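> This is what each chain is made of:
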Amino acid sequence: MRRFSLLYKVIIAFIVILLPILAVISIMFENDRKEIENLIIRELRQNADESESNILMYMEMNRYRIQDFSSDGFIVNSLERIQGKEAGRILGEYMRLHKLPIFKEIYRLNIITAPDGHVLASTAPGMEGEDVSKEEFFRNGLKVVSVAEIVTKFGPELAVSAPIYSRVERGKVLGVITGFVPLSKFVEFFTGEYMRRLGALSWSEWGRWDTFEIYLVNRDKLLITPSRYVPGSVLKQKVDTFPVRECLERGREITGIYPDYRGKMVAGASMCMPSLGWTLVAEVDREEVFAPLTRSHRYSFSVIILVTALIGGLVFYFIRVIVRHLRTLAAGAGEIAAGNYEIRVPVRTRDEIGQLASSFNVMAESVLERQRELVKSQKSLAESELRYRMLVENLQEGIWVIDADAVTTYVNPKMAEMLGYTVSEMMGRSLFDFMDEERKKFTMERLDLKRRGVREVVDNEYIKKDGSRLYATVSAAPLMEAGEYRGAIAGIVDITERKKAEEALRESQERFRAILDNMGNVVYMKDLEGRHIFVNRLFEIVARRSKAAIYGRTNRELFPERIAAEFEKSDMKVLEYDRPMEFEEALPLEDGFHSYISIKFPLKDTKGKTYAVCGVSTEITNLKNAEEALKKSEQSLREAQRIAHIGNWEWDVEKDQVYKSDEVLRIFGRRAGELANYESIITSVHPDDREAVIMRFREAIDKERAYSVDARIKRGDGGERIVHFQGEVVRDPSGKTVRMDGTVQDITERKLAEDEVVKLNRELEHRVEERTLELKRANEDLAAAKTEIETFTYSVAHDLRSPLRLIDGFTLLLLKKQRDRLDRDGQDHLERIRASSKRMGQLIDDLMNLSFVMRAEVVTASVDLSAVAMAIAVDLEKADPEKKSNFIIEEGLAARGDEKLLRMVLENLLGNAWKFTSKKDEPFIEFRRCGEEAGWEVFCVKDNGVGFDMAHAERLFQPFQRLHSQDEFPGTGIGLATVKRIVQRHGGRVWADGEKGKGAAFYFTLQKGKGR
Amino acid sequence: MTGRILLVEDSPEAVELTKHALEGCSLESKAIKVAYDGQDALDYLFAAGRYEGRETAELPEVVLLDLRLPKVDGFEVLEQIRSNSRTKLVPVVMLTVSKLRDDITRAYELGANSYIVKAIDYDVYHDTITAACAYWLKLNRRPY
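So the sequences go chain by chain: Y and P.
Note that the first sequence covers residues 1 to 1012 in the working numbering.
Note that the second sequence covers residues 1013 to 1156 in the working numbering.
Calculated directly from the structure, the hints in this document are not laboratory data.
One or more hints might be untrue.
What the hints assert, rightly or not - Dumping the calculated PhoX-like pairs for lysine-lysine here, alpha-carbon to alpha-carbon at most 20 Å:
# : chain 1 : residue 1 : chain 2 : residue 2
1 : Y       : Lys883    : Y       : Lys919
2 : P       : Lys1111   : Y       : Lys816
3 : P       : Lys1111   : Y       : Lys838
4 : Y       : Lys900    : P       : Lys1111
5 : Y       : Lys817    : P       : Lys1031
The structure displayed is predicted, hence computed values, not measured ones.
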């Protein structure tokens, strides 16, 4: 937290007190202001109200008067009878004498003739003849009694006009009578002058305000009464202020504070006079209204500032005095804290501050006294302590002192050194910081004893700074003060080295035992009396006893007597000769005798005295069996090599000697003793292949990789063989090539066979090429043929049909146009020509279909045969509605195939059935599934039509074969051929069954489709 | 002389039969312009060859076009009509004996407006032509 000086705090406190006071004063002033504002507004309003009623009354009076004048009998009669200057003179005189004196407010009266608007008569001289036809007061005056403000040579005036109606002619206006009042007259209403003149006793002029102003504004926003501030302002000064606007635009009377026509802020109240179009405004300068308030403001603030300054100054002075004294005291105390006990502060006053200063000086005196005593006693203490310290710190034993909470209060340098710390690092730390959990527990128990006053010597372990352990013997004693436990002191001797030695010994023994236990030899030690003092695991197995049952017993107690005697004999011999000796020994075990070679030697103590015999026995029972097995394996290898024609050889690079198996000699056709070195092997290789072989061998040696090479060799008997060399190089650890190992295989027969295969393959390839070429040519031929067929088909479609059309067309024309010239036969012949050409057309169409079927691509999908058949049946019935029909179509028949082609099948078969049942009274056509054939569906179309002879069944499906005459049943004989084609293209077959006169059945097979 | 129908047909006999069939439409004989090969048809339409200088403003209302034609075949004629900006909107009706699906497909691909197979039976042919004529000359609205 930041520290503030005393002075600073006082200033803040001062401000905190002052602020609310200022706020309260401000609120009070604000209230006063509002109060005053309300008051003045009320007063202004009242004032304006009074003036308004005076003006209204006055105006009403004027209007009555003028109206009264307008109906004056003399004026009306004169106007009706006399004209011209004479009339002007008489009327002017009349008004001056009889009218003006009646009502003194009016200064001047004019009579203006209608409709020309010229002044006829006037009470003022020289006005006659003036044209006022354009003036507002005249034009309004023609109609009603009206009021208008104008400026004339007499100054700003108010004109009150009234029409003069004829008494002779009803409704006729003879003229206008106008009375003029100076606008300055209105000031009298505001000053009270008018009321005084009327007989009022008193009227305060302008009220009690210096800047009070009341004025009228017409509907053109022009001032119509004189301004207090602007001279000559009547009907000139524009007053476009807030109250005027409110009155003219909204008809609202307002009060408030706003800028007036001079732009000055005023408090005002307005009155609207809609009948005249005037606004009455009463205003006082805001400045004046609030002047008392402003004055009292100024006084109040002056007083506050003065009082504040006075209090502030006083406080500031006192604070400064107090602070100065306090600072002197604080500086003195600081000096004492820094060790300067000689310091004294001056005592300047006799008040509280002075007392404080003298107390301080007394205190400083006593501190100085105490300090002197302290220094003396410390010195003697230090001397005594130094002596002890010297003693303790030079001890070669560690000293460690702890307090009742086991916190280190003292260690000597030796102790610190033993733990690898400095003394200061250890001071203040708990004793337990220097030990592991286990030791901590142990030490706590020991400390409990200390509390009871027990001294003792124990071994303990500590953890050094580097994490290693300190083993130590600890002589500890409690520190008691007045029978109370205050801590403990201990002398500590490092025994780490001793501990380590013991550890090492135990480890070495353990290692030794482990090695012996895991050895494949039987190991044992016997003392000079022949008692076993050590055996290994294998011995336990051989003796079939545990170590415990062996130690302390002699051979005679463990083995059969004869065997034990043998062992004893050899033991004695070793002791006798006092050197290691080898014996062959045998031991009967469960599976017969086992042979051992035993090495026995005397064991000597550090003084060289023999104290035991040690033996190591190695079993040699299996050695002989191994030799036998090796011999057998070599034999079988030789045999294998002979059979496989593989020999193995090794070339000792150093000695240039070649070792090889018998099979190598056999392959090379050499005798034993030949092929003894590298050169002899190389020279046996065929000269043409020699270079390659040498290169491979060299590569194997240089690049350290396996070699594999085929080569021809010359046999010793002059024959030639092909062999396969394979092998690798052997290096010693230094990387030097020492040997090349490898095999040689006679591959002559295999090579010959391989060559034969290659030859055959080549021939085969050649033949395949030839066939491919032939096939390609055939394909090309086929493509050409196909193109030809297409061209042919096109020709058939177009060129054959065109002439047929012409034949039919012209025959018909002939029939029509020449009918009269032809007899019945002629007509019949022509009809036959037409029938023939039509059949020919049908034939062409059917052939085209057949051709299409042969060429078309079969697009396979599941086809709903029932639906297809149903559609065909409907078409057939439509084409011949007269015919009786009875189609029975099984539902849900489906097959895999090309829908377009299968439709043609059904069109042909159902069409045929329809055709051949046409002469039946009760026709019957059926399409259904008729069984299954090798997983394919068999469909059939059966009818009860004319049928056929089964003898002709085969011919049915050949093109152009018909069993009926054209007259009987028309047809081209291509339909069934097309059916057969289509079914065949789907991989199925088609056949027929029938009997003459009994009906026919057509069967076809198709792959199963997805049924509904 | 401008025909309302341009009949493109190589065989004079076939032309005669077709004209005969068109009688059902009650046309003036002038109204049918016959071209006996594909080149002649194109020359007529484009005012080239022997028709050089012909007033080309008026186009036939329909072209009846056979497929197998000397010099330039029906497909080629159709293609040229369609690739010329002036004639590309002329209705072209294929009138042929070919029922081959390939021919029908190709004709429509090249922009034929209709494809009519000439029936061998003249009665049928007569009805077909009458109907086509009624449609293309009376009912159909052309864009020119």
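> Each hint needs a verdict: does it hold in this structure or not?
Right, here's what the structure says about each hint:
Between the alpha carbons of Lys883 of chain Y and Lys919 of chain Y the distance comes to roughly 9 Å, so the proposed pair stays at or under 20 Å and holds. Pair hint Lys1111 of chain P plus Lys816 of chain Y does not hold up; C-alpha atoms about 29 Å apart against a cutoff of 20 Å. This hinted pair checks out: Lys1111 of chain P and Lys838 of chain Y have alpha carbons roughly 16 Å apart, not beyond 20 Å. Using a Cα cut-off of 20 Å, the hinted pair Lys900 of chain Y and Lys1111 of chain P holds, with the two alpha carbons roughly 16 Å apart.
A threshold of 20 Å between alpha carbons decides the hint, and for Lys817 of chain Y with Lys1031 of chain P the separation of about 16 Å falls inside it, so the pair holds.
The structure fails hint 2 only (numbered hints given earlier).
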